[in-house]
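Residue numbers (this note's numbering), protein chains in the order written: chain A, 1 to 285; chain B, 1 to 331; chain C, 1 to 291.
Quick caveat, the hints were computed from the structure, so don't treat them as lab data.
Treat the numbers as computed from the prediction; the structure is a model and nothing was measured.
Heads up, some of the hints might be wrong.
[What the hints assert, rightly or not] To give an idea of the chain A side of the interface with chain C (calculated C-beta under 10 Å), a few residues:
| no. | residue |
| --- | --- |
| 1 | Pro30 |
| 2 | Val34 |
| 3 | Leu51 |
| 4 | Phe114 |
| 5 | Val127 |
| 6 | Thr132 |
| 7 | Ile142 |
| 8 | Phe157 |
| 9 | Met250 |
| 10 | Val257 |
| 11 | Leu268 |
[As the list claims (entries may be wrong)] Residues from chain C that face chain A, not an exhaustive set, calculated with beta carbons under 7 Å:
| no. | residue |
| --- | --- |
| 12 | Val33 |
| 13 | Ala91 |
| 14 | Ala108 |
| 15 | Ile111 |
| 16 | Ala112 |
| 17 | Val116 |
| 18 | Thr117 |
| 19 | Leu118 |
| 20 | Pro119 |
| 21 | Ile120 |
| 22 | Gly193 |
| 23 | Ala194 |
[As the list claims (entries may be wrong)] Here chain C is said to cover these stretches of chain A; the calculated rule only asks that three of the stretch's residues, wherever they fall, bring their Cβ under 8 Å from a Cβ of chain C:
| no. | stretch |
| --- | --- |
| 24 | 12 to 25 |
| 25 | 95 to 103 |
Backbone N, C-alpha and C define an ideal beta-carbon position, used for all residues, glycine too.
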Amino acid sequence: MKIGAIAGVRARQNLGWVWVSLVIGFIYAPILVVIGASVDPGHYVMNRAYLQFPPQGFTLYWYFHVAPALWRSVLVSVELASAVTVGAVLLGVPAALGLLRGQFPGRNAVAALFRTPLQIPFIVTGVAFLQTFNTVAAASGIALQASFTGLCIAHLFVATPYVVGAAGSALARLSPRLDEAALSLGASRWRTFRRVTLPLITPAVFGGAMFAFLVSFTDVTIALFLTPEDGVTFPVWVYGSIQNDLETSMPAVSSMVFLASGLMIVLLQRLIGMETVLRGGGAKG
Amino acid sequence: MARVALAGISKQYRGHRALLPTDLDIADGEFLTLLGPSGCGKTTMLRIIAGFVEPSAGRVMFNGEDVTATPPNRRAIGMVFQDYALFPHLTIAENIAFGLRERAWSAASIRTRVAELLDLIQLQGIAKRLPAELSGGQQQRVAFARAIAHPPRVLLMDEPLGALDLKLRETMQFELRRLQRALGITTIYVTHDQTEAMNLSDRIAVMQGGRIHQIGAPRDIYDHPTSRFVAGFVGQINLLPGQPPHDAPGAVRAIRPQHLSIANGTGVPAGHHALPARVLTQFFTGNLLHIQLAAQDSVLTVETRPAEHHVTDGDDVIVHWDPGHCLILQA
Amino acid sequence: MSRTHGNRVFRWGLLTIPPALFCGGLLLFTQLVFLQASFHADEGLGVMTSRFTWANYLEVWHDPDYLESLGLTLRLAGVVVGATLIMAWPAAYLLSRSSPRVAMVVVAAIIAASFVTLPIKTLGMVILFSADGPLMRLLQDLHLISARYRFVGSFFAVAVGYAHLAISFMVTMLFSVFQSIPRRLEEAAAIHGATRLRVLWRVVLPLSLPGTVSATLVLFNLLTGAFVSAALLGGGKVLTVSLLIQRSLILFNEYGMAATLAVVLLLIVLLVNIASVLLVARLTPASQVIA
Numbered sequence: 001m002k003i004g005a006i007a008g009v010r011a012r013q014n015l016g017w018v019w020v021s022l023v024i025g026f027i028y029a030p031i032l033v034v035i036g037a038s039v040d041p042g043h044y045v046m047n048r049a050y051l052q053f054p055p056q057g058f059t060l061y062w063y064f065h066v067a068p069a070l071w072r073s074v075l076v077s078v079e080l081a082s083a084v085t086v087g088a089v090l091l092g093v094p095a096a097l098g099l100l101r102g103q104f105p106g107r108n109a110v111a112a113l114f115r116t117p118l119q120i121p122f123i124v125t126g127v128a129f130l131q132t133f134n135t136v137a138a139a140s141g142i143a144l145q146a147s148f149t150g151l152c153i154a155h156l157f158v159a160t161p162y163v164v165g166a167a168g169s170a171l172a173r174l175s176p177r178l179d180e181a182a183l184s185l186g187a188s189r190w191r192t193f194r195r196v197t198l199p200l201i202t203p204a205v206f207g208g209a210m211f212a213f214l215v216s217f218t219d220v221t222i223a224l225f226l227t228p229e230d231g232v233t234f235p236v237w238v239y240g241s242i243q244n245d246l247e248t249s250m251p252a253v254s255s256m257v258f259l260a261s262g263l264m265i266v267l268l269q270r271l272i273g274m275e276t277v278l279r280g281g282g283a284k285g
Numbered sequence: 001m002a003r004v005a006l007a008g009i010s011k012q013y014r015g016h017r018a019l020l021p022t023d024l025d026i027a028d029g030e031f032l033t034l035l036g037p038s039g040c041g042k043t044t045m046l047r048i049i050a051g052f053v054e055p056s057a058g059r060v061m062f063n064g065e066d067v068t069a070t071p072p073n074r075r076a077i078g079m080v081f082q083d084y085a086l087f088p089h090l091t092i093a094e095n096i097a098f099g100l101r102e103r104a105w106s107a108a109s110i111r112t113r114v115a116e117l118l119d120l121i122q123l124q125g126i127a128k129r130l131p132a133e134l135s136g137g138q139q140q141r142v143a144f145a146r147a148i149a150h151p152p153r154v155l156l157m158d159e160p161l162g163a164l165d166l167k168l169r170e171t172m173q174f175e176l177r178r179l180q181r182a183l184g185i186t187t188i189y190v191t192h193d194q195t196e197a198m199n200l201s202d203r204i205a206v207m208q209g210g211r212i213h214q215i216g217a218p219r220d221i222y223d224h225p226t227s228r229f230v231a232g233f234v235g236q237i238n239l240l241p242g243q244p245p246h247d248a249p250g251a252v253r254a255i256r257p258q259h260l261s262i263a264n265g266t267g268v269p270a271g272h273h274a275l276p277a278r279v280l281t282q283f284f285t286g287n288l289l290h291i292q293l294a295a296q297d298s299v300l301t302v303e304t305r306p307a308e309h310h311v312t313d314g315d316d317v318i319v320h321w322d323p324g325h326c327l328i329l330q331a
Numbered sequence: 001m002s003r004t005h006g007n008r009v010f011r012w013g014l015l016t017i018p019p020a021l022f023c024g025g026l027l028l029f030t031q032l033v034f035l036q037a038s039f040h041a042d043e044g045l046g047v048m049t050s051r052f053t054w055a056n057y058l059e060v061w062h063d064p065d066y067l068e069s070l071g072l073t074l075r076l077a078g079v080v081v082g083a084t085l086i087m088a089w090p091a092a093y094l095l096s097r098s099s100p101r102v103a104m105v106v107v108a109a110i111i112a113a114s115f116v117t118l119p120i121k122t123l124g125m126v127i128l129f130s131a132d133g134p135l136m137r138l139l140q141d142l143h144l145i146s147a148r149y150r151f152v153g154s155f156f157a158v159a160v161g162y163a164h165l166a167i168s169f170m171v172t173m174l175f176s177v178f179q180s181i182p183r184r185l186e187e188a189a190a191i192h193g194a195t196r197l198r199v200l201w202r203v204v205l206p207l208s209l210p211g212t213v214s215a216t217l218v219l220f221n222l223l224t225g226a227f228v229s230a231a232l233l234g235g236g237k238v239l240t241v242s243l244l245i246q247r248s249l250i251l252f253n254e255y256g257m258a259a260t261l262a263v264v265l266l267l268i269v270l271l272v273n274i275a276s277v278l279l280v281a282r283l284t285p286a287s288q289v290i291a
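Looking at chain A on its own, in the form it has when it is part of the complex (with noise of 0.2 Å):
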């Protein structure tokens, strides 16, 4: 190869290379952002907050100073998160095995049934599920429009399907083999499940679970729409906050949250590794 082919050669690359960094410079740079303008000291402006970047001063007086309701917030967030969780994995683990290992007419529908919630825009989704809500108050008195539970449920509905997804494609790259064996070992089904089965699909079952707690956590369109009365999710009041009055202390909550985030996709890759990560927990198929 001449030099100037190889000279053109890195010049490709890095070129390559400076278009990777801009497009990581343009989805980061919002959240470096919202980290900077959260060591500002802030000023207000005839009683209005102001948040800027560049921060004209370092301080980490925000951090320590979280207004109650914002604080409030996070911690519904954080039970509602915590409350889909639990509930995805109760339904989706054993819709997974349903799926993988039963034998009946229809199965490809019921897979792809679980599919379907995400493939509906959340914005049909929370209408869809305020009238729903509507239409049962108006029927039976269970007001569940305004609350925490039918919150919780709305948001299992698209958060399940991610744990079907996990725990499915764990399933399927089980070998056969593993079951036989433990059988031919005198263990029964039930034993067999808990001490092979279950031991193997559980890093994709919690790689699914935080797929879930992460939906949830993070969802404004549905929340927008059920709001419980006694507590506001956290994306909703920062939400809220932008359109009305901006609060001095949310990009230091905001940071906070995005750490946790962040350590949550790290333990993810390491439990799950890459490729399932990438897939969307395997619940976009």
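Please build the complex by placing chains B and C on the supplied structure of chain A, with the hints as guidance.
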């Protein structure tokens, strides 16, 4: 330890007959091999004995007790798979102890037994490792130890050496035979490798198309094959050109390659049949020489020692044999 | 693998029943309720008439505001999808052909960013792009603009918001697609004398086409239904269909109309899905033969 008997066992899948009605009796402590090409039904038969496949008809009996309706985990069997099926999340010791824990052995007796077995398979010191850290041969031995940890009535092996390379396979064959003889467990072994079958077995059941063609000791199968299929599958066979014998129409005369000779200067011995032939090609395998000849529209293979014959491709020779070595084979 | 004994096998299929009833029941019930609501006219204050009527649909069809909103939504989605494709394709390809460790870190970082809730990212954009924000000051200092421009509340702002959402998605999706194309194929083409460009054109492009088309259409659906970016960056002036739905419901309590608009949205998604399936099916055979 158990006698195993199959009475009228058959298996029919939608549109495909995997096993024709078969009877089989296996003595206590015997090493029986089911030998045959892919799709002959040998694995199906093994899995029926294990209890993973329900027969369409017939009964499976261990020591006279009908176990056809018994689930695999209650048949007191041991099974070794081709891909070993070791539990990837458990250590070697935990793998071997798996069945013992299921049968509520005490922790102390489990420890003793595992140590005993590791000695037996000559892999002391790997108890705490995970299966992924072991080589194929080591995994296979662990799989064997796991299968016999709680002594089974019947040991079933489905092409356990298939994934190993040649040298390792040969070593493992000797190991398996030695262990089985020492333990005396009734063993049913499935393979498509006839050399393996002959090395290991007390008896071989040669299968094809869902049925047993012939069953007998390796020597018997080799010296007195009853069908062309068996003769060709166990060892090599030459079909001799010419008319079928008058007392067995539809049969052919055949002879093993090592019973053919090429006449040198001294001529053809008295009583031998002979044919003119041309040398096509030769295969040298170290201790043996295989010479392929064209004779009367047939291709014959002569097996001999390299020192005894010196021919060149294209030579015209005389091939001869003692008719006493001829086999009469049905199709 | 052979079946185990029929009378003793554990009926795994039964496990699917409770979850299927839950998800299936919710799916059916919610879709039916809102579908049904779309066929009822609103009388105001959250009350709907009890007769079945096509009035809502006719109104959407004839009212220029609704049609304009639809057009705006589709235009936004289309423009952003196009721009994102151009930005993401080379980046994803490069990542897939670089060392696994580097690729893993970068992709993990992108996924981490995509799990940050949208309002936070939008907050960052609002701070960045606000009239007194750093970008405007910078542009003014560089004499590129004469007066500070109000970014929030423009088509461009919403498009940037959408693009932000889209690019993470697209890069990770395309990364998977490119990973599934073995490098050997490109090496083989290079051995036969193809230049880098020709390798891309004749090997990589055709093989990645089904996956790219599929990802593009999923993204299009995503953007058509996107709400948060439009709400926060549109300043009340960029009215996508999703915003109209939210307003109908929350502001005007017009359940019927909100449902109708949602049905329209769903129909678009359905059509795009069908197109996707058909297109991908037509594009796949060649790639399957090679790969």
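Inset, instruction - Against chain A, run the beta carbon of Ile120 of chain C and see if the smallest gap drops under 7 Å. - result: Holds - the Cβ of Ile120 of chain C comes within 7 Å of chain A, reaching about 4 Å at its closest.
Legend entry - Given hint Val34 of chain A near chain C, where the shortest CB pair must fall under 10 Å: holds, 4 Å
Legend entry - Interface restraint verdict for Val116 of chain C against chain A (beta-carbon cut-off 7 Å): The hint holds - Val116 of chain C has a Cβ within 7 Å of chain A, the shortest such distance being about 5 Å.
Legend entry - Interface restraint verdict for Ala112 of chain C against chain A (beta-carbon cut-off 7 Å): For Ala112 of chain C, the interface hint holds, since the closest Cβ of chain A sits about 4 Å away, which is under 7 Å.
Legend entry - Three-residue Cβ test at 8 Å for the coverage of the stretch 95 to 103 of chain A by chain C: holds (count 8)
Legend entry - Hint check, Phe157 of chain A versus chain C [nearest Cβ-Cβ separation less than 10 Å]: holds, 5 Å
Inset, instruction - Go through the hint on Ile111 of chain C and say holds or violated, using the shortest Cβ distance to chain A against 7 Å. - result: holds, 6 Å
Inset, instruction - So, Val257 of chain A near chain C? Judge it on the closest CB pair being under 10 Å. - result: Since chain C brings a Cβ to about 7 Å from Val257 of chain A, closer than 10 Å, the hint holds.
Legend entry - Restraint check, 10 Å cut-off on beta carbons, for Phe114 of chain A near chain C: holds, 6 Å
Inset, instruction - Under 7 Å, Cβ to Cβ, is where Leu118 of chain C needs to be relative to chain A, so tell me if that hint holds or is violated. - result: holds, 6 Å
Inset, instruction - May I ask you to test the interface hint for Val127 of chain A with respect to chain C, counting a Cβ-Cβ separation under 10 Å as satisfied? - result: holds, 5 Å
Legend entry - Status of the hint placing Gly193 of chain C at chain A (closest C-beta pair under 7 Å): Cβ of Gly193 of chain C sits 14 Å from chain A, so the hint is violated.
The structure fails to meet hints 7, 22, 23 from the earlier list, while all remaining hints are met.
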